[in-house]
Structures are given as C-alpha cells and as structure tokens.
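As you go down the protein sequences, you meet chains H and V in turn. Under this note's numbering, the first residue of the first sequence carries the number 1, and numbering increases by one thereafter. Under this note's numbering, the first residue of the second sequence carries the number 1, and numbering increases by one thereafter.
Derived by calculation from the structure, the hints in this document are not laboratory data. A few of these clues could be false.
To be verified - Partner residues aside, some chain V positions facing chain H, computed with beta carbon under 8 Å: (1) Arg10; (2) Thr79; (3) Tyr87; (4) Asn131; (5) Gln172.
To be verified - In silico DSS-like links for lysine-lysine, alpha-carbon gap of 30 Å or less: (6) H:Lys122 x H:Lys225; (7) H:Lys6 x H:Lys54; (8) H:Lys172 x H:Lys123; (9) H:Lys225 x H:Lys172; (10) V:Lys81 x H:Lys172; (11) V:Lys81 x H:Lys102; (12) V:Lys175 x H:Lys155; (13) H:Lys54 x H:Lys122; (14) V:Lys86 x H:Lys172; (15) H:Lys122 x V:Lys43; (16) V:Lys43 x H:Lys225; (17) H:Lys146 x V:Lys81; (18) H:Lys146 x H:Lys122.
Just so you know, even glycine gets a beta-carbon here, dropped at the ideal spot from N, CA and C.
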Amino acid sequence: MGEAAKTVIFEIERRNSTDEEPYFEKFELPYRLNMNVISALMEIRRNPVTMDGKKTTPVTWDMNCLEEVCGACSMVINGKARQSCTALVDQLEQPIRLQPMKTFPVVRDLIVDRSRMFDSLKKVKAWVPIDGTHDLGDGPRMPERKRQWAYELSKCMTCGVCLEACPNVNDKSDFIGPAPLSQVRLMNAHPTGSMTRDERLNAIMGEGGLGSCGNSQNCVESCPKGIPLTTSIAALNRDTTVQMFRNFFGSDRMVD
Amino acid sequence: MDNREFLMRRLHSLLGIIPVGLFLTQHLIVNHFATQGEAAFNKASHFMANLPFVIFLEIFVIYLPLMYHAFYGVYIAFTSKHNPGKYSYMRNILFVAQRFTGIFLVVFIAWHVFETRFQVAIGNAAEADFNMMENILSNPLMLAFYIVGVTAATFHLANGFWSFLVTWGITQSEKSQRMASYFTLLVFVVLTIIGIRALLAFV
Chain H
1 MGEAAKTVIF
11 EIERRNSTDE
21 EPYFEKFELP
31 YRLNMNVISA
41 LMEIRRNPVT
51 MDGKKTTPVT
61 WDMNCLEEVC
71 GACSMVINGK
81 ARQSCTALVD
91 QLEQPIRLQP
101 MKTFPVVRDL
111 IVDRSRMFDS
121 LKKVKAWVPI
131 DGTHDLGDGP
141 RMPERKRQWA
151 YELSKCMTCG
161 VCLEACPNVN
171 DKSDFIGPAP
181 LSQVRLMNAH
191 PTGSMTRDER
201 LNAIMGEGGL
211 GSCGNSQNCV
221 ESCPKGIPLT
231 TSIAALNRDT
241 TVQMFRNFFG
251 SDRMVD
Chain V
1 MDNREFLMRR
11 LHSLLGIIPV
21 GLFLTQHLIV
31 NHFATQGEAA
41 FNKASHFMAN
51 LPFVIFLEIF
61 VIYLPLMYHA
71 FYGVYIAFTS
81 KHNPGKYSYM
91 RNILFVAQRF
101 TGIFLVVFIA
111 WHVFETRFQV
121 AIGNAAEADF
131 NMMENILSNP
141 LMLAFYIVGV
151 TAATFHLANG
161 FWSFLVTWGI
171 TQSEKSQRMA
181 SYFTLLVFVV
191 LTIIGIRALL
201 AFV
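Just chain V, with the same shape it has in the complex (with noise of 0.2 Å):
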C-alpha cells in the first residue's frame, strides 16, 4: 500500500507545530525585548544568535522543517477548489484563509530572512540587532507589510493547530473541536498582541 502521501500530510501538520510554530511563539517572545528599549532587544537577539551549535539549531529547527512544511504547503493549497462563495462556512473560510496566508507567508518570510539573517550571513550587516530592525520599519510601507505579515503568521499558526488537532485525531467530537476553536482564538489574540507590540517598539 502506497502511503506516502498520507505520511507526507502528517509530517506536514506536525512540522507546522513543532518545531516551526513552537519556533515562531518563541520569535516573537524574544522580540517582545524591544518593548522595554533598546538594549534590552540587543542582549536577547545577541543570546539567540550566538547559542552554542547555532548553524545546525537553525537547520533543524527553522530551515529545513519550514522549508518542508513552506513548499508542500503550496502544492496543498493549489490542489483545492475554493467555494466560500457558495459555501460561506466558518471553517470553510478559515480554510480558504488558511491557504492564502500560507502562500503570502511563503512571500513574506523568505524576504524578512533576505533582509535580515541573509545579510548578516553575507556580512552585510555584524548582527541582526535593533538599529536594522528600526532602518527596516521606519518605511510605513514595511511596517504595514510586517504587521500584514505577523498577522498572517500567529492566524496561520493557531488555525494550523486547530486542524493538527482533529488531523491527529485529538479533538473528534463537535464540543471538543468547538471549544478547540475558542482556545485557538485565543491563542491568535494572545500572540498577534505580542507580535504587533514588538514591531510598533522600533518605530
């Protein structure tokens, strides 16, 4: 029996929680610094970038999972049919929305790495610290395109561990996925909160 697309979707649903999502709560967490100045953003992102075996943390834990879940995302979300038209469902917009802001995250995280890892990679830049966060959002256009982009990502997160639940068969019954979609929600609040405090401390 041919099951590799089945096990390809679930490493898929999997990847997208762990590491990647775990890894995008603990981004934005460690962005959260900028809230209380300057220095104290510099010393957090000087810690993350100079962990001990940092070149294959990142490898591991970002690159190659995000990579995965990043390019089969958008082979899934070009095989469906989109009908919220006539469908106008909740979960089936939240499906359409699912597809559309992984697409625009594809987008928007290979140009946020561009801009910042990426030069710091070639040299461009000594380290990723608060002054390029600051260069980068004191153009109106940037600062929307990330808060659009943060937005995406913590939507694109809790919905995506909405339906990790029922794909691994946690939350069945309709209670169980009711009440998962109020936990989600929160979590989509909770996050984007945190996310957009940390990008409006560089402006």
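Isolated chain H (complex conformation) (with noise of 0.2 Å):
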C-alpha cells in the first residue's frame, strides 16, 4: 500500500456535569473528505475510544439544523466560538481543540445553556404586541428597502457566539450582550413593533443594559450571520440618549 491513512485529532474539552471539573481527552480518527466537526463528534460518538485506546463515554454535543440557522451547535473552536456544523476540517489546525463556550453554564462536555439569551429577550420584550380584544387588523406597511435591511437584523439564531466573544459578557458583569440589544432595534423598527419602542429603550437602560458595551466590536467580527450589532448598538445609544432626557424632561411624545 502507498501513503499511510490520513487521520484528524481532536482535543476536547470534557465534563460530566457542570460543577465538575473539566478535563481534555484527545481522538484520532480516520480522515474523509469534506468532514465537519460534526461529522468527526459522530465518529467519536460511534467509538469512543481516546488516543491512547482508552475506551471513554460518548462525547456529547448540542446540534439540530446542521445548516448555520439554528444556532445550537456553537461550541469554542481552537479558541474562537463558532458553530461546528460549518467548521470544516480542511480549514482548521490540528490538533482541533473544542470547548464549550463558558460564558453559559456547561451542562455536560460541549453543551451549554444558553436560557440567559431567551431571558434577556423577554427583559428588553423582543417582540411585537398583537393580542387585544379585538383584531386590530393589517398594520402600517413597512417600506420595502426597510424590509430588506431590517432582514438582516433578523437573521440572529441566539446561538450566543457574539456573548462569548464579548469581554463584558462575563460573572462578574450582568450584561446582556449584543444579540438582544440588536433584536430591540429590529422591533423597534418594526411599524407595529415601533408602537413600543420607549417600553424596549426603557428596558435596556436598566441594570446590565446597552450602558454596559465596551465597545471592543468582537460581537461584530464573530456574529457568523454578519448581522451590523455595532452598528445596532450606536443607532441604540442614539435612540437612548434622546429617550434620556425625554424621561428627564416628561416629554409627551414618548411614541412617534
């Protein structure tokens, strides 16, 4: 036979629950064409034997769409968080080091909980109110152009990349971080959303709010949607400094 078989190792950063502590176990399998991280979390999860031909429990992970939408399989690889569906082997350095993103509780090995993402956008009330008594029909229509750019705002999966990326995001800050801060620019520029927009600047002025952004844009360079949160986050420091002084002075005009 010509060349030895190629092969891919892994080290991974592992756990069995969250207030334990954690350790790195490294695999070496078999390479094949166009493989992903996840595809080689599969192979492990199929044989999970280290390098060292120790035989160890199957290496568990978060995933569902396997297509960068859904924003579940986002886990710390080779130092930066990104999703591992679309981490193709071929494009990382070896060895291939994956470890959850911290930032959240670890639940087991590379799976995180990312509830303070859905908690915080019920805090800022990322969405727009409908229920009454009785149906209020069609509302405003919303410019095409805007449509089209506000999209891009829509995009975000919550898969927590720009919160792990984010140096105010940490224990000892209680800061939100971007993902939610951008969705409030998108409801408020929503026509029906924009009804309560003052409801959702109020609310990131509180504790943890938009005030706590450094300013160090790693939310911008890492969202994998390339959604503009640093752009998001001065259009909201705009919106909030002229809400400020509304709020100081008892402006009438809460609402445009």
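Reassemble the complex: the two chains are provided individually, in unrelated frames, and hints are given to aid placement.
Okay, here's the thing in structure tokens:
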C-alpha cells in the first residue's frame, strides 16, 4: 500500500456535569473528504476510544439544523466561538481543540445552557405586541427597502457566539450582550413594534443593559450571520440618548 | 426602571471628554510654553495658578470629574474579561489598552499631583514652576515615567473620544466609526507630540 491513512486529531474539553472539574481527552479518527466538526463528533460517538486506546463515554454536544441557522451547535473551536456544523476540518489547524462556550453554564461536555439569552429577549420585550380584545387588522406597511434592511437583523439565531466573544459578558457583569440589544433595534424598526419602542428603550437602559457595552466590537467580528451588531448598538445609543432626556424632562412624545 | 448604571456609564463617558479631556489638552498646550524658555513657561503657569476662583475651578473642572472618572473607570476595567489573544481584532486590542492605560493613569496622575500641586498646597514649594519640573525630570527614570504617562493619557483621551462618539450615538455606521478612528489617531499623534516636546524642554 502507498501512503499511511490520513487521520484527524481532536482535543476535547470534557466534564460530566456543571460543577465537575473539566479534563481534556484526545481522539484520532480517520480523515474523510469534506468532514466537519460535527461529523467527527458523530464518529467519536460511534467509537468512543481515546488516542491512547482508552474506552471512554461518548462526547455530548448540541445540534439541530446542521446548516448554520439554528445556533444550537455553537462551541469554541481552536479558541474562537463558532458553529461546529460549518467548521470544516480542512480549514482548521490540528489538533482541533473543542471547548464549550464557558460564558454560559456548561451542562455536560460541549453542551451549554443558553437560557440567559432567551430570558434577556423577554426582558427587553423583543416581540411585537398584537394581542388584544378585538382584531386590530393589518398594521402599517413597512417600506420594502426597510424590510430588506431589517431582514439582516432578523437573521439572529441566538447562538451565543457574540456573548462568548464579548469581554464584558462574564460572571463579574450582568451585561445581557449584543444579540438581545440588536433585537430591540429590529423590533423598534417594525411599524407595529415601534408603537411600544419607549418600553424597549427603557428596558435596555436598565441594569446590565446597553450602558455596559465597552465597544470592543468583538461581536460584529464574530457574528456568523454578519449582523451589524455594533451599528445596532450605536443606533440604540442615539435612541436612548433622546429617551433619557425625554424621561428626565417628561416629554409627551414617548412614541414618535 | 432602575437605570442608575446606564446614567453612571454615560456620565463617565461625558466627564472623560468634558471637562477632563479638555483640561488635559489645555494642560499640555500650556506646558508647551516650556519650549520657549523658562520665563515663558513661568509666566504661563503663574497665570494659570492665579486665575480668579482657581480653587473652585480646580475642584469642579478637575478634581471631582477626574476622581469620578478614575474610580468608576477602575470598576469598569475590573469587570471585563480580556481576550485579545483569541480575538485579536484592532478594536478589541484598543479596548484592552484603554483599560490598562486607565489603571496606569490613576497611578501616574496621583503621583504627578502629589509631586507638584500637592507640594505647593502644603507649602513645600512656592509655585509649580520651571525649576520644579526641571528637578523632577532630571532623573532619567522620572523622565521615562512622565513620557509613558503623557503618552498613556493622550492615547486614553483619543481612544476615549472615539468611544464617546459611539456611546452617545454620534457615529453609528461602520464608515463613520472608521473615519472617527482616523480622526482620533490624529488627535493622539498631535497631542503626544505637544506633550513630549514640552517634557523634553525641561531636560
């Protein structure tokens, strides 16, 4: 036979539960054309044997859509947070180091609990209220060009990569992070959503809100969907500047 | 809605520019008289030290805003987890530099005020004049400390002005923020030249 079979080496940070000490395990698996991190993890699950031949438990991770739209399979790959479904082995330096996004509580191995992001979306009222006692009918129409622009903001999949990259989201701060802030801009841009824009602006002017951003701009560099997070933050800074004065001087123009 | 943190962060951003940043600019420009000789510097510093209501000017334009900016800034610096190794983007590196220069400046400015204004206040020196600075800077270690201190201050001001523009929603788009980066780089270079030229005039 000719050349030796090509292999891929993975180094995975593991832990059995949230409070347990993490440890690393190395795995060596046969290379397959176009393999991604998830297909490698599936291979490890099929045959959970470490590089030194020790049988171990299968590595657990989260996944769903496998096409970078659900955000579930985010993890730290070679130091940077990203989705494991679109992390192609051919484009990664070996050994490929997989770690959980430790900004979030780690459930087990590579699985994290992203609940805080969903709680933040509730806190900032990231929805358009339409419930009432009678049919309100169609809302105002949104200009097509504005719709196209807003669509970019709506691509957020709450994957948590921006929170993991942000230096101000950590256990010493209660900053909610860039993703929920950008959703405030999206909901405030919606013609019906803008009818309650002051409620959302006041929500992000609270504890752990917009004010905690330190402009490191890691979020916009890291966002897998290319959402202009820092532009959203700066735009909200302007909106909250106006809202701050309106609150202070008791404006009667709470909604434009 | 408890928005105390929001208001404190906004106040921190505002005070860094007005009045602290304006004061720093003015201070470096007045120092620049040293390049025109001892008499010119002494005349300028005598004028500044004898402004009407000078103690109130100092308290409300310098001490109180500076102390708020410094102490709240230390709190801000220690609530970040720095990650420039993994995320080595320019803005993230400047973010870290802003916090490190901030901490350094608390030490530098405390020492600088103690050596100059405080000595005048307790009567150890009649006036903060050319001789005083000449004595301080005759020590090469102190000269190096002052050069690093002035550079840290001009960097902190220039980069802080960039984030002031974002924090108050003045620069929003990527392009406007990039142009602000070029402008604040210019501010940094110009103020650093002015500051260091003045320091070297005492040597």
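Inset, instruction - Verify the proposed pairing of Lys81 (chain V) with Lys172 (chain H), using a straight-line Cα cut of 30 Å. - result: 9 Å, holds
Inset, instruction - For the pair we were handed, Lys146 (chain H) and Lys122 (chain H), check the Cα-Cα distance against 30 Å. - result: Satisfied, since the Cα-Cα distance of roughly 25 Å is no more than 30 Å.
Inset, instruction - Go through the hint on Thr79 (chain V) and say holds or violated, using the shortest Cβ distance to chain H against 8 Å. - result: 5 Å, holds
Inset, instruction - For the pair we were handed, Lys54 (chain H) and Lys122 (chain H), check the Cα-Cα distance against 30 Å. - result: 45 Å, violated
Legend entry - Lys172 (chain H) paired with Lys123 (chain H) [C-alpha distance capped at 30 Å]: 20 Å, holds
Legend entry - Pairwise hint evaluation, Lys225 (chain H) against Lys43 (chain V), where the allowed Cα distance is 30 Å at most: 60 Å, violated
Inset, instruction - Given the hint that Lys225 (chain H) pairs with Lys172 (chain H), test it: the Cα-Cα distance must not exceed 30 Å. - result: 28 Å, holds
Inset, instruction - Verify the proposed pairing of Lys175 (chain V) with Lys155 (chain H), using a straight-line Cα cut of 30 Å. - result: Judged against 30 Å, a Cα distance of about 22 Å means the pair holds.
Inset, instruction - Let me know if the C-beta of Gln172 (chain V) comes in closer than 8 Å to any C-beta of chain H, holds or violated. - result: 4 Å, holds
Legend entry - Interface hint status, Asn131 (chain V) versus chain H (Cβ within 8 Å): Violated, because the Cβ-Cβ distance from Asn131 (chain V) to chain H comes to roughly 42 Å (cut-off 8 Å).
Inset, instruction - Given the hint that Lys81 (chain V) pairs with Lys102 (chain H), test it: the Cα-Cα distance must not exceed 30 Å. - result: The given pair, whose Cα atoms are some 12 Å apart, holds under the 30 Å limit.
Legend entry - Distance restraint between Lys122 (chain H) and Lys225 (chain H), which requires alpha-carbon spacing of 30 Å or less: 22 Å, holds
Consistency note: the structure conflicts with the earlier hints numbered 4, 13, 15, 16, 17.
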